[in-house]
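Order-wise, the sequence lines are chains H and X.
Positions 19 to 369 (this note's numbering) are the ones given, in order, by the first sequence.
Positions 239 to 371 (this note's numbering) are the ones given, in order, by the second sequence.
Keep in mind that the hints were calculated from the coordinates and are not lab data.
Nothing here was measured: the structure is a model prediction, and the numbers come from that model.
Glycine included, each C-beta is placed from N, C-alpha and C at the ideal position.
Some hints here could point you the wrong way.
[Said to hold, decoys possible] To give a feel for the contact side, a few chain H residues facing chain X, derived at Cβ under 7 Å:
| # | residue |
| --- | --- |
| 1 | D84 |
| 2 | S123 |
| 3 | L124 |
[Unchecked claim] Partner residues aside, some chain X positions facing chain H, computed with beta carbon under 7 Å:
| # | residue |
| --- | --- |
| 4 | N271 |
| 5 | I272 |
| 6 | T279 |
| 7 | H317 |
| 8 | D330 |
| 9 | G344 |
| 10 | R347 |
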Amino acid sequence: MWSSSNGTANVRKGRAGQLNRQHLQAQYKEILQAYLEGRGETQLYLAQQLGKWFLKQNVAPEEIIDMHLHTMEEMVDMPEPVRESFQLLTEVMIEYGNTYREHRSLRSRQKQLESEIEVAVTMQQTLLSEKVPSLEGVDIGLVSVPAKKMSGDYYHFVRHDADLFSVAIADITGKGIPAALCMSMIKYAMDCLYLTRLDPSEILFFLNGIVERNIDPSMFVTMLCGCYCLESHHFRYAVAGHEPGFLYRAKEETFYDLAGQGIALGVKRGAKYPEYSIGLEEGDLLILLTDGVTERKMGERFLQREELIGYLQAEVGRSAQEIADNLYRRLLELSHFELPDDHTMIVIRRA
Amino acid sequence: MTVPITIEIRTEQDIVLARQEGRNLSKQLGFGNIVQSRIATAISELARNIFQYAGAGTITIETVKEDGRVGVRIVAEDHGPGIRDIRRAMEDGFSTSGGLGAGLPGVRRMMDEFSIESSVDHGTRVVIIKWNS
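Hey, can you work out the whole structure from these sequences and the hints?
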């Protein structure tokens, strides 16, 4: 295995570097001379600024020592031991120079990785960028914000026909890139499963098989999968270990937990997911969320579900999108503008 | 034109000797002070790798001329365990010499040309060149 850099290019680079170096050295000399004459703070300030310029020009620390030595040699008659001592200093500084060069190369690699992540982020946004369907008789709002660059939350809306649409919300354990990779698998699987028009409990059953076979045993996915009938306003759903959502009964002005039991996806082969059904009256709300919404640290303590209900109650009269937006903003303020986990909330209101 | 000098590397004293030879030759060829030190450091790193991981090997230092320019070429050769994963060894942050020294990526950056050949159980050969521009 042979690798070799191009020598000619290096020579050319070297000459340009030399010219530049002469210029830098002249500047250094000027400042040093002025300093030795007056010992003024101005020169020290200029030296500090020059240091920044050196860094920008990628001048290594050992070169600055060399520059100092040469300048001093030109200006004063240096005792031999002082002059010789610079050799030792240079040897020590070469190690710092090596570390400095390594740092520079690692930094450029970091930039490269960051731009790769940017591409992945854009890809993921394309995967997730489903429009919230506009439906007659039902108002839907959505907010989904990743904690890091990439999200481990997943949501999905599909309109099957005139009177039926599906909604899904999922949370992959962990966050960032590993969660995002797993999220894309869920997305592709869901795209296939929706084609078959299965019931929510069947979708979770099949999805559990896929997740169980394909992800690391330390990871799992929680999910709520539902089907809303626009004619009867019945919502059928199944839950796989997911953070319970809320059901708001307008008549009673009360929030209830959206009950449902089922083990998280990827944990147990062949797990079954019971189906639940609720009817929505006019003004009723369904609120689906991921645990990034609820597991919120506010100073020293965690947000309580009762508090969350209080904040939701204050927004009840607004549109579904406003409820989702306002809640996101409110919670962000309460957690001092820190978002430790991906935050996704879907609000569905029967008009 | 000088004859190639080969230094057997068995002890730390040999590393010092190799550095010295490299520095002397670069001085003769008119390299600047910093480059002389960088050449010595690069030799030091390669020789230390031999000393630490292979136990024994050689450093050969010689003058090279090409297209009207002059340079110093250093060949470090051993018959030690070899490097299992060269790509990793050439990665920044993966220093085989355990903290001390720049490792191979550092050597590569200080030089103009760098090539490495290594096979497990057969040894390693690194060739570096620094041109006097």
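Taking the hints in turn, this is what the structure says about them:
Taking 7 Å as the C-beta contact cut-off toward chain X, the hint placing D84/H at the interface holds, the least distance being around 5 Å. Among the interface hints, the one on S123/H holds; its C-beta lies about 5 Å from the nearest C-beta in chain X, closer than the 7 Å criterion. This hint holds: L124/H has a C-beta 5 Å from the nearest C-beta of chain X, less than the 7 Å allowed. Nearest Cβ of chain H to the Cβ of N271/X: about 6 Å, under the 7 Å cut. The hint holds.
Proximity of I272/X to chain H holds as hinted, the smallest CB-CB distance being about 5 Å (cut-off 7 Å). Checking T279/X against chain H: minimum C-beta separation of about 5 Å stays under 7 Å; hint holds. For H317/X, the interface hint is violated, since its Cβ never comes within 7 Å of a Cβ in chain H; the closest pair sits about 17 Å apart. A distance limit of 7 Å between C-beta atoms decides the matter here; for D330/X the minimum to chain H is near 5 Å, and the interface restraint holds.
With a cut of 7 Å, the hint placing G344/X at the interface with chain H holds, because the nearest CB-to-CB distance is about 4 Å. Interface restraint check: R347/X against chain H, minimum CB-CB distance 5 Å, threshold 7 Å, status holds.
Checked against the numbered hints above, the structure violates only hint 7.
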